[in-house]
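Could you build the full structure based on these sequences and the hints that come with them?
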Amino acid sequence: DGQGNFGSVDGDSAAAMRYTEARLTAPAMELLVDIDKETVDFKENFDASMQEPEVLPARLPNLLLNGGGGIAVGMATNIPPHNATEVCNAAIFVIDNWTRLDDVTVDDLMEHIKGPDFPTGGQILGTEGIKSAFATGRGRVIMRAHAEVEEMARAGRHAIIITEIPFQVNKASLIEKIAELVHEGRLIGISDLRDESDRDGMRIVVELKRGAHPAKVQNQLFKYTQLQATFGINTLALVDGSPRLLSLKQVLRFYVEHRHEVIRRRTVYELEKARARAHILEGLLKALDHLDQVIETIRRSDSAEAALGRLVERFELTEIQARAILDMQLRRLAALERQKITDEYNEIRAHIGYLEDLLAHPEKILALIRADLAEGRDRFGDARRTVIVAGANGSLNDEDLIPNTPIFVTVTERGYTKRVPAETYRAQHRGGKGITGMATRDEDSVMHCFACMAHDDLLFFTDKGKVYQQRAYELPDVGRTAKGTPLINIVQVEADERVTTIIPVRDWKKADYFVLLTEQGRIKRVGLDQFRHVRPSGLIAINLDTDDRLRWVKMTHGDDDVILITELGQAIRFHENGVRPMGRAAAGVMAIRLDANDRVSGMDVCREGADLLVITSNGYGKRTALGEYGRQSRFGKGIRTFARAMDQTGPIVEARVVQPTDEITVISADGMVMRTGV
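Mapping the sequence shown onto the working numbering, position 567 (from 1) lands on 567, and the numbers just tick up by one.
Because the hints were derived from the structure by calculation, they are not lab data.
Keep in mind that a hint or two might mislead.
[To be verified] With a cut-off of at most 16 Å between alpha-carbon atoms, the simulated EDC-like pairs for lysine to aspartate or glutamate come out as follows: (1) Lys-249 - Glu-111; (2) Lys-171 - Glu-150; (3) Lys-510 - Asp-456; (4) Lys-37 - Glu-270.
In structure tokens:
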């Protein structure tokens, strides 16, 4: 219990010894109980000026309660602190099972000691490291700060509040490290950092930018800073003067054996003192029984030494008893004082009997140890501070923190992208006005909008025939009406490169294919597995002619029909096997014979019982059963699908295969969104 400056969690140094003082707390006093009763051996200190105990009596198991750390030549120890209630309960459990201790398992002990309990709180991830340390003496536990996400007063903004940090982490250095990582750009999404800690507790506030994903930023903090740290447990302790690596059961067993020896030595010490006192009391009682003769003997003696000799000789007393009689005060001759001596003698004899019985029955010493532990637990036990998160392993995977929920992904012509939760857009009836899906500039328009899951892999195919890869949850979530983030900040597309198709992939183990189609009608089929690992700089998906661009990419299952539609309304349907699988660098083959002024405007995969929905540039739409489009050979002319005059409807700009129960989301060039059933 210190008075003065003993340093702080921010790394402040303690004041010099002359400016501080300390006193022992009540739990510390428990370590010294009975040290004056010859319970432990003493040795000379470093300069032989005084004696010091080789070990403390330790009424409480301090090695586990406080832990400890140190380095010697070729060895080191690092023992974490534990909870007082749990440790005392475990020691009591060991005593209760003392005769069958070999059958006690680590799991039995972990019913009582859940794991280390650090004074700074926080979390321990998983129990494997704890179990290893308890079983073998060596283990590795992952500590994590306690952090919560709070919504700020400003709409769309969040803050991460850190109230507990890992054991032995310097708070000031931690905050400095976070600021440094933000400045270097390794931590993104953080707008402000404050330390609001006071006498009431710790509070570190990490404010996030608008649209930043709190779980992802929190994961980055755990990954790059000491908000997540490792504590390597090495339970190395001296046993009979030799260093040994100890399991939890061994530590508890050695502690109980130590306490057994302490209580045995205390009992021997108290027994010697009690017998010595009883011996004196026996002499006093004998003197009181022959009081007149004792007084006469003393009066006739020439000196105290002569009186001592005569008393020993006449009354068969020992020298110690005779000296006690000579030292006895006259007031002890009163009847009441004589009764007190008799009562004290009877009490001493009873206590001697108890001590002798204790030495004769070691199991009664175990009961005393158990009672001491129970008393210590009741006096000093408290609730755990460190929470153990069972099943967690500390791996820093964003997917563990981000829910796999349905989302909409939107990309504009100018390359702005974002994601929003699927429930943001409610279903409306046909002909509705819609709601604003995203803010766009006058010269910008929405190009892609599709639904997927947050954990899906997104493959970005560009007009230059390249493909890039990104997780869906890594796209910014900036709200329904925000314009989004430039795609060039997310994937490494070139300045003159434009994303034309985005494909979400959920399961890479399927034997599926990608069908790629260019604006000039060149088609190619590639196995799904060839795009499993795409480097950040992208991969070549198809080789293109100088005047051609990659426009459409669809996923097929090996036995599908594909249908192509041109701007002037020609449609052709053929089996995907009409296009043999090729390598990524292949250029493909022709899919449809185009007129000079025509080009492909859409491609999709046919489904059983589905319809073909086409939409024109002027907002006209038409739904036709796919059964009306017969299967043809690749590179045919196709059949007519739209009979209206093109000057009224405009050219076909989009074609999709739909089911009658499907919903579509239509986005106008100025960013208006309408979601409706087909």
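So, going through the hints one by one against the coordinates:
no., hint, in the structure
1, Lys-249 - Glu-111, "holds (13 Å)"
2, Lys-171 - Glu-150, "violated (21 Å)"
3, Lys-510 - Asp-456, "holds (14 Å)"
4, Lys-37 - Glu-270, "holds (8 Å)"
Hint 2 alone, counting from the list given before, is not met by this structure.
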